[in-house]
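Undergrad: Produce the entire structure from the sequences given, and follow the hints as far as they go.
Taken in sequence, the protein lines are chains A, B, C and D.
Under the working numbering, the letters of the first sequence match residues 19 to 292, in that order.
Under the working numbering, the letters of the second sequence match residues 19 to 292, in that order.
Under the working numbering, the letters of the third sequence match residues 19 to 292, in that order.
Under the working numbering, the letters of the fourth sequence match residues 19 to 292, in that order.
Just so you know, the hints here were simulated from the structure itself, not pulled from any lab data.
Mixed in with the good hints, there may be bad ones.
Quick partial rundown of chain D residues pointing at chain C, CB under 10 Å, derived from the structure [to be verified]:
hint: 1; residue: K142
hint: 2; residue: P183
hint: 3; residue: D262
Non-contacting residues of chain B with respect to chain C, defined by C-beta distances greater than 12 Å in every case (computed) [as the list claims (entries may be wrong)]:
hint: 4; residue: P91
hint: 5; residue: D103
hint: 6; residue: H154
hint: 7; residue: D213
hint: 8; residue: H214
hint: 9; residue: T230
hint: 10; residue: R267
hint: 11; residue: H275
hint: 12; residue: R279
Yeah, the Cβ is synthetic: ideal placement off N, Cα and C, and Gly gets one too.
There are 4 protein chains.
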Amino acid sequence: MVSALLRRGARRLLALCAILAFCCAAAAQPAPISAGPPDPKLIEDLVAAGRILADHGLLDGWGHVSVRHDKDPDRYLMSRGLSADLVTAKDIIEFDLDSRPVDTPGLPMSGLFTERYIHGEIYKLRPDVMAVVHTHAPSLIAFGDTNVPLKPMYHRAAFIAFGIPVFEIREKAGMTDMLIRNMTLGHDLAEALGDHPAILMRGHGAAITAPTLQRVVARTIFLSLNATLQADAMRMGAPITYLDIEEARKIEAREGHGLARTWEGWKKKAMAKP
Amino acid sequence: MVSALLRRGARRLLALCAILAFCCAAAAQPAPISAGPPDPKLIEDLVAAGRILADHGLLDGWGHVSVRHDKDPDRYLMSRGLSADLVTAKDIIEFDLDSRPVDTPGLPMSGLFTERYIHGEIYKLRPDVMAVVHTHAPSLIAFGDTNVPLKPMYHRAAFIAFGIPVFEIREKAGMTDMLIRNMTLGHDLAEALGDHPAILMRGHGAAITAPTLQRVVARTIFLSLNATLQADAMRMGAPITYLDIEEARKIEAREGHGLARTWEGWKKKAMAKP
Amino acid sequence: MVSALLRRGARRLLALCAILAFCCAAAAQPAPISAGPPDPKLIEDLVAAGRILADHGLLDGWGHVSVRHDKDPDRYLMSRGLSADLVTAKDIIEFDLDSRPVDTPGLPMSGLFTERYIHGEIYKLRPDVMAVVHTHAPSLIAFGDTNVPLKPMYHRAAFIAFGIPVFEIREKAGMTDMLIRNMTLGHDLAEALGDHPAILMRGHGAAITAPTLQRVVARTIFLSLNATLQADAMRMGAPITYLDIEEARKIEAREGHGLARTWEGWKKKAMAKP
Amino acid sequence: MVSALLRRGARRLLALCAILAFCCAAAAQPAPISAGPPDPKLIEDLVAAGRILADHGLLDGWGHVSVRHDKDPDRYLMSRGLSADLVTAKDIIEFDLDSRPVDTPGLPMSGLFTERYIHGEIYKLRPDVMAVVHTHAPSLIAFGDTNVPLKPMYHRAAFIAFGIPVFEIREKAGMTDMLIRNMTLGHDLAEALGDHPAILMRGHGAAITAPTLQRVVARTIFLSLNATLQADAMRMGAPITYLDIEEARKIEAREGHGLARTWEGWKKKAMAKP
Numbered sequence: 019m020v021s022a023l024l025r026r027g028a029r030r031l032l033a034l035c036a037i038l039a040f041c042c043a044a045a046a047q048p049a050p051i052s053a054g055p056p057d058p059k060l061i062e063d064l065v066a067a068g069r070i071l072a073d074h075g076l077l078d079g080w081g082h083v084s085v086r087h088d089k090d091p092d093r094y095l096m097s098r099g100l101s102a103d104l105v106t107a108k109d110i111i112e113f114d115l116d117s118r119p120v121d122t123p124g125l126p127m128s129g130l131f132t133e134r135y136i137h138g139e140i141y142k143l144r145p146d147v148m149a150v151v152h153t154h155a156p157s158l159i160a161f162g163d164t165n166v167p168l169k170p171m172y173h174r175a176a177f178i179a180f181g182i183p184v185f186e187i188r189e190k191a192g193m194t195d196m197l198i199r200n201m202t203l204g205h206d207l208a209e210a211l212g213d214h215p216a217i218l219m220r221g222h223g224a225a226i227t228a229p230t231l232q233r234v235v236a237r238t239i240f241l242s243l244n245a246t247l248q249a250d251a252m253r254m255g256a257p258i259t260y261l262d263i264e265e266a267r268k269i270e271a272r273e274g275h276g277l278a279r280t281w282e283g284w285k286k287k288a289m290a291k292p
Numbered sequence: 019m020v021s022a023l024l025r026r027g028a029r030r031l032l033a034l035c036a037i038l039a040f041c042c043a044a045a046a047q048p049a050p051i052s053a054g055p056p057d058p059k060l061i062e063d064l065v066a067a068g069r070i071l072a073d074h075g076l077l078d079g080w081g082h083v084s085v086r087h088d089k090d091p092d093r094y095l096m097s098r099g100l101s102a103d104l105v106t107a108k109d110i111i112e113f114d115l116d117s118r119p120v121d122t123p124g125l126p127m128s129g130l131f132t133e134r135y136i137h138g139e140i141y142k143l144r145p146d147v148m149a150v151v152h153t154h155a156p157s158l159i160a161f162g163d164t165n166v167p168l169k170p171m172y173h174r175a176a177f178i179a180f181g182i183p184v185f186e187i188r189e190k191a192g193m194t195d196m197l198i199r200n201m202t203l204g205h206d207l208a209e210a211l212g213d214h215p216a217i218l219m220r221g222h223g224a225a226i227t228a229p230t231l232q233r234v235v236a237r238t239i240f241l242s243l244n245a246t247l248q249a250d251a252m253r254m255g256a257p258i259t260y261l262d263i264e265e266a267r268k269i270e271a272r273e274g275h276g277l278a279r280t281w282e283g284w285k286k287k288a289m290a291k292p
Numbered sequence: 019m020v021s022a023l024l025r026r027g028a029r030r031l032l033a034l035c036a037i038l039a040f041c042c043a044a045a046a047q048p049a050p051i052s053a054g055p056p057d058p059k060l061i062e063d064l065v066a067a068g069r070i071l072a073d074h075g076l077l078d079g080w081g082h083v084s085v086r087h088d089k090d091p092d093r094y095l096m097s098r099g100l101s102a103d104l105v106t107a108k109d110i111i112e113f114d115l116d117s118r119p120v121d122t123p124g125l126p127m128s129g130l131f132t133e134r135y136i137h138g139e140i141y142k143l144r145p146d147v148m149a150v151v152h153t154h155a156p157s158l159i160a161f162g163d164t165n166v167p168l169k170p171m172y173h174r175a176a177f178i179a180f181g182i183p184v185f186e187i188r189e190k191a192g193m194t195d196m197l198i199r200n201m202t203l204g205h206d207l208a209e210a211l212g213d214h215p216a217i218l219m220r221g222h223g224a225a226i227t228a229p230t231l232q233r234v235v236a237r238t239i240f241l242s243l244n245a246t247l248q249a250d251a252m253r254m255g256a257p258i259t260y261l262d263i264e265e266a267r268k269i270e271a272r273e274g275h276g277l278a279r280t281w282e283g284w285k286k287k288a289m290a291k292p
Numbered sequence: 019m020v021s022a023l024l025r026r027g028a029r030r031l032l033a034l035c036a037i038l039a040f041c042c043a044a045a046a047q048p049a050p051i052s053a054g055p056p057d058p059k060l061i062e063d064l065v066a067a068g069r070i071l072a073d074h075g076l077l078d079g080w081g082h083v084s085v086r087h088d089k090d091p092d093r094y095l096m097s098r099g100l101s102a103d104l105v106t107a108k109d110i111i112e113f114d115l116d117s118r119p120v121d122t123p124g125l126p127m128s129g130l131f132t133e134r135y136i137h138g139e140i141y142k143l144r145p146d147v148m149a150v151v152h153t154h155a156p157s158l159i160a161f162g163d164t165n166v167p168l169k170p171m172y173h174r175a176a177f178i179a180f181g182i183p184v185f186e187i188r189e190k191a192g193m194t195d196m197l198i199r200n201m202t203l204g205h206d207l208a209e210a211l212g213d214h215p216a217i218l219m220r221g222h223g224a225a226i227t228a229p230t231l232q233r234v235v236a237r238t239i240f241l242s243l244n245a246t247l248q249a250d251a252m253r254m255g256a257p258i259t260y261l262d263i264e265e266a267r268k269i270e271a272r273e274g275h276g277l278a279r280t281w282e283g284w285k286k287k288a289m290a291k292p
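TA: See the structure below:
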């Protein structure tokens, strides 16, 4: 118990040092240089991704979606701090992987999402990940708070078969305000994510990854829907046949097939909202 | 049992006297004088608050939201009796803390919300409270009727950790029509609220408070959502890790951070409704 | 058992005779004469009632709402067979209490709701009833199929305390297509309703009554919502405090108070639908 | 065990042969010739059917609805691969019962729904079926995964009394990507459907049939709703009275009565969506 407290104390000290070091570095280092303008189609899709997730009730002013820069794997794109359904192309900002905004003179730090480190730290550890969502999707909260494992109910949510761990922030940082508000916590989360497609955050929400922007949106929608369906099925008092890992592998091998047409439907509906 | 009946009888007599006294006073006293025009931005936000809550299905023609006057802590602002989604700036009325309308010649009492005493009496006892909502949010009813304690499922509803009591009107007034229709019942409710952020009302709904208008709207939305999520989690048959009180304190200490941007999204959506 | 079969057989014979008698009578009798034009405001409210219930997901092309004629208690007003959200003032038809359309030359019987007898027969037996709804509201079906009694969860649904019986059509007519397709079945239903405010119909839906059009709409909305809330509460595994009959009586004594303003909000929202 | 593996191996070989044979045939055979233009009203209804189901949340870019050609029972009509809410009349394609598109030079195979074989193979085995829906309706998934039998809760869903089997693709093809991506799997599904009105697909969704386009839409809506209502009722801990098979037969004998007017309401609402 004592040693646990000591370890926790040491960890906090380290976290503090990391923050101080970052601040000093931020002051000392020049602002990162842009990797150049991304493909305008990527920006358009990023704006649509946020609108689609907001239209599904999965993003509000506290959640966000990002995509890796198509010209430089060490940069990612995300909106400044805005409710997803208010974002337009001109609100998209380029970040380096330490989650520092690039080339945005005059923009105050308070105009950025506090938890952008979720994105930067996952991009650092997972070169295969091209897009990330952070959501407070309601149906996921009960699974995060109870540690009941999510299992794939149907083919649209097959990726769940690869395992969805739960991040308990108390194990890393004790009692906090629950936010991933620095690189250290972002790194802890990315480590807990490991090779999995998504991770629940106890008492908070989830982070979801995918190899494309369209797939991270689909995964967020179907992870959330699967949670609802699984909770319902668990209450039916009968054994549940989940997707087998082999079925999931076969589905994921052709995943994306047909997604483009669903994307167009989602986008049309979301962009028509006032 | 007999003494209980006597106590109840005495209480009713007192309540009746209070009502009579109020009526006499109302007849005798001049109408209260206005504290002057409030900040137009406050009025705009109050109208938006009602629209946002109506858009979330949390207010109809029987619920209401108020804010303390920015020029005088002994006054509050609330609409006349109108469905929240029909209210405009010109429908906002100033009240004194006895819930008497200020400077509204010609407006009949029947044009006011019967339960405005919820607001006036809470503002009297709680100088820290700047905004109050009275709602019949459906998801809260089951918790009020069963006395199952609400617990915080995630950071957006952290304030629940400070305790949400239940008001049983029978203990104060026996069998009633359930309404808080005078200062005495309003005072009873405010006393039962104590220092808590909100109180459920058995067989009726809830009263929610906050230090700002934006936060009382957010608290109403997340109190309601938390009830749904908690009921779902309780059915999963696994232990639930709720937010710790220390986590809640840290979250509340920076609460409001980021709320402004979610507010803009909510407002845009609500005001676009026909 | 044998006597039950005999009784059932006798009953069917009676029903058949009733139908035959009706047909003969319909052929022999002249069409009923109109009681004169109703108050245009009543027609406007009847159209709005259907739109509001459709907007709440409680009426489609198979449910209907009617109101007693303001000039003649032996007449009622209801739309011809149309989806509630398509009805306009010119679709409203006058019926006598045998549910025969008045003064509508050229309108084929197939253009009327088959189950209009629900309305006519209730108006016959219940002079206090001024408006009737027949709905297939989803949340009511499970209560009708299980015979679990509906109980009032909160003040908006207080009238439930007066008892909501369940109509089992098999007891009256054996195996049927479930429809109240003649005066005999309508009479059976009205008898089972008795003095209650509403009745569930097993495997079918419900019939709801009230002393005004606005209240029958409110009762339909809150009966349906109460069913959802009660089912949720029953799963919480804790004793439920329902409204007491005395509370319900006090609420009903002033029921309608404040309903007009909620009605305006509902109507504005429903009529704005394309 | 060994023999099971052998049987499975043999089956896969057969499936492969079938695919190869189909490809050769497709290359060798001329494209099928059109049966001529269908009734424009049928096309209009087919487009509306997809929009109505999308508006109910029952079709997206991965589900589809088809109708048998009114001029030739060996042809069916379905949209090219598009999200149902984006389909217009010009997107409707004619298929032969081997699910080969007719007269569509220049259209790549990737522009078609992979699972169109569901439709073609059902039309082959079931001459009475005039319309087919393939959906991933969320409420059906739990029933498919648990094998809990669907039972009819109320008259709108009476057809469920005729039995809704579950298709376990593993029994036919082992571990797959769950899709009905060729004639062999389509035939297996159609055989499992037998004479039933619909079939659930474990871990995937459902296929629903009917003698008309309007009825297949209504059946999809009410199959989905019935699943929700039945799951709710099962949790009430009381015996449930389902519709009797005789009640269902009587209802189905006049099924369609009144559907036209509900269809108009659904269509108006769905077509008004942007």
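Undergrad: Taking the closest pair, is the beta carbon of B:H214 still more than 12 Å from chain C?
TA: Holds, since 20 Å exceeds 12 Å.
Undergrad: B:H275: least C-beta distance to chain C exceeds 12 Å?
TA: holds, 33 Å
Undergrad: For the restraint on D:D262, tell me whether the closest CB of chain C is nearer than 10 Å.
TA: holds, 6 Å
Undergrad: Minimum Cβ separation between B:D103 and chain C greater than 12 Å?
TA: Not fine: 5 Å to the nearest Cβ puts B:D103 too close to chain C.
Undergrad: Hey, does B:R267 actually stay past 12 Å from chain C on C-beta?
TA: Answer for B:R267: holds, closest chain C Cβ roughly 28 Å.
Undergrad: Have a go at the D:P183 hint: is there a Cβ in chain C nearer than 10 Å to its own Cβ?
TA: violated, 23 Å
Undergrad: Going by Cβ atoms, does B:R279 stay more than 12 Å from chain C at every point?
TA: holds, 27 Å
Undergrad: For B:P91, is the shortest beta carbon distance to chain C beyond 12 Å?
TA: The claim stands: B:P91 keeps its Cβ more than 12 Å from every Cβ of chain C (closest is about 29 Å).
Undergrad: Hey, does B:T230 actually stay past 12 Å from chain C on C-beta?
TA: For B:T230, whose nearest Cβ neighbour in chain C is about 26 Å away, the distance exceeds 12 Å, so it holds.
Undergrad: Min Cβ distance, D:K142 to chain C: is it shorter than 10 Å?
TA: violated, 32 Å
Undergrad: Beyond 12 Å on every Cβ pair: is that true for B:D213 relative to chain C?
TA: holds, 25 Å
Undergrad: In terms of Cβ atoms, is chain C entirely out of 12 Å range of B:H154?
TA: violated, 7 Å
Going through the hint list in order, the structure does not satisfy hints 1, 2, 5 and 6.
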